[in-house]
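Chemist: Quick note, the sequences are listed as chains H and R, same order. Counted from 1, the first sequence has number 223 at position 224 by numbering that gives the first Met the number 0; the numbering is strictly sequential. Counted from 1, the second sequence has number 152 at position 153 by numbering that gives the first Met the number 0; the numbering is strictly sequential.
Each hint should be verified, as a subset may be incorrect.
Stated by the list, open to error - Some chain R residues near chain H, calculated using beta-carbon distances under 10 Å:
#1 Ile9
#2 Ile12
#3 Phe168
#4 Lys173
#5 Phe207
#6 Trp296
It is worth saying that the hints were derived from the structure and are not from the lab. For each residue, glycine too, the CB sits at the ideal point set by N, CA and C.
Protein chains: 2
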Amino acid sequence: MTTEPRDYEIFEIPDFRLEHGATLRPARLAYKTYGTLNADRSNAIVYPTWYSGRHWDNEWLIGPGMALDPERYFIIIPNMFGNGLSSSPSNTPAPYDRGRFPHVTMLDNINAQHTLVTEHLGIERLALVTGWSMGAGQTYQWAVRHPEMVPRAVPFCGSAKTSLHNFVFLEGVKAALTADAEFRGGFYDTPPTKGLRAFARVYAGWGFSQAFYWDETFREMGYSSLEDFLIGFWEGLFIGKDANDLLCMLWTWQQADVGRTPGYDGELRNALSAIRARLCAVPAEKDLYFPPEDEQWSSQFIPGGEVRVIPGTWGHFAGGGANPADTAFIDGVLKEVLAS
Amino acid sequence: MTTEPRDYEIFEIPDFRLEHGATLRPARLAYKTYGTLNADRSNAIVYPTWYSGRHWDNEWLIGPGMALDPERYFIIIPNMFGNGLSSSPSNTPAPYDRGRFPHVTMLDNINAQHTLVTEHLGIERLALVTGWSMGAGQTYQWAVRHPEMVPRAVPFCGSAKTSLHNFVFLEGVKAALTADAEFRGGFYDTPPTKGLRAFARVYAGWGFSQAFYWDETFREMGYSSLEDFLIGFWEGLFIGKDANDLLCMLWTWQQADVGRTPGYDGELRNALSAIRARLCAVPAEKDLYFPPEDEQWSSQFIPGGEVRVIPGTWGHFAGGGANPADTAFIDGVLKEVLAS
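Same shape as in the complex, but just chain H:
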């Protein structure tokens, strides 16, 4: 699509059958690796992306001296379908383009990633899977679908199944975006900017906690006022992104449920029980859409499950890499789990 040099790879799967029946011909899985695979292929970490994030948005958790140290580990960041780099509404040719891009599930993502990891990279067992938010959801999906490959898992600020309240939050941002007539059922020629800005403004209430706003912590992030934060951070996060791509990933998110993995027949508890990883869930204390209670509930069914709550006021974005204290907390858990 682009002829510019790029810093990542594209792995193509010729005829990739999606769970809901459509076939991507081919599916394109964009990924980037950091570090070197060791001789016995035992040091690979899979670290999937979050809602609308790209591989470079994950890099804050990788570095010398950190748990995800590329001197020590071979870190693979696969871009989620729909994020604009892997197969997405915005980059897929007709007839599966734009408003016609098919539904993609968490399991579809993990199926493609599994093919990449095993067939293309020749890795049979991972050291760890980790990720933030929808990256956490993919972590759970890896641990359920391929328990023999995943000895360690650290999903942070996410869940094994999207709760009803989380679903409703997503209904709200979706409704705000599609209220803009310029969206035209997904077949716009110019972006539905009013809808995208509304989407961002609704999202703003959810991403950080009430206390974060009370304390005006956005000022520490360099924003001069609330409105500067709403425009500079929130509209800035979404305005350049493709509306169909956002809705594609939103559907993936809403439908996330590892209980739907083949063999579990919708029984979430049974699916969680099948996890063989030491799975340390790391929710944030004041996350408004992935509250710690939900992770506590799931953890009780996971044989090697435990929960560590990130304290503080950053809410969901405790896992976004912008607050050093939260990043240190997550990195600490990762170090502990990797050492075990």
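Given the coordinates of chain H, assemble chain R onto it according to the supplied hints.
Modeler: For chain R alone, coordinates are given in the frame of chain H:
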């Protein structure tokens, strides 16, 4: 405006100057009373409406044997400006009609209510002011503006000042509504229904707690599915209401701050310190936009301030009258405060 018989009164104030400079000629304050004013005019309770509520939406808290017993008290429910019964964008003639209706503050509402209570009804001192949500905000505004008239106050699920996070939540619903091009800057001939439905769907994430959805408590309310609840309850709550009216009250809500009462120069703490009422704030444990922490903060500056938290999962709608346990809690606090 209407020639149908109505069950409420209209009090007109000929030239009602609003805080922000515009004048309603006249302001129309719709209200209804319950019970009888006693001989020494000492049994009056003011019970203002909430966001988009009308006087009849308040009646669940009034009844024989309840704290607000019309056999004992003279209960006045003034309808908030913008709610479609009192002066509102939807019922005010040009040039102050529709998208040109002026900004109205909490203090404007209380100024009009005060004129009604003192000059029209001849009451010099109230027994109590109480209300839910924006009705709680009006309760605070009464207690700060007329401390000598308000010996008791029970604001439930509200605050003295709209917090930044609450402001952001409202920015979200506003952006969803106005993303609909049919809104036409407030000069629509047919309602912007897509925007109204988006407004409702965003609101749905905020009104009840995460745990309420987790437990599927909406089924106890008679809804057969999540989608039935989103349409039947939430879209039903807002679809018949006027978009400009909703935005008028939303502005009032966003700007609410008793610190802006004349004499306090924006100093919220000083304004709270001036309250002479026994003020028992009743936030709900899991209210997502009026969290108990905010009321705890305010309470420390109120000489007769205290806080009683409604336990449970209903969130903001603990104060909406639909859950008997929460209603009993609020009624209990009202009885205790009225007995003191």
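Chemist: Decide, hint by hint, whether the structure agrees.
Modeler: Going down the list of hints, with the structure as the test:
The interface hint given for Ile9 of chain R is broken, as the beta carbon of that residue sits about 35 Å from the closest beta carbon of chain H, more than 10 Å. Hint on Ile12 of chain R is violated. Least Cβ distance to chain H is approximately 34 Å, over the 10 Å limit. The interface hint given for Phe168 of chain R is met, as the beta carbon of that residue sits about 4 Å from the closest beta carbon of chain H, less than 10 Å. The interface hint given for Lys173 of chain R holds, since its Cβ lies 8 Å from the closest Cβ of chain H, which is under the 10 Å cut-off.
The beta carbon of Phe207 of chain R is positioned within 10 Å of a beta carbon in chain H (closest approach about 8 Å), and the interface hint is therefore held. Checking Trp296 of chain R against chain H: minimum C-beta separation of about 8 Å stays under 10 Å; hint holds.
Hint compliance for this structure: hints 1 and 2 are broken, all remaining hints hold.
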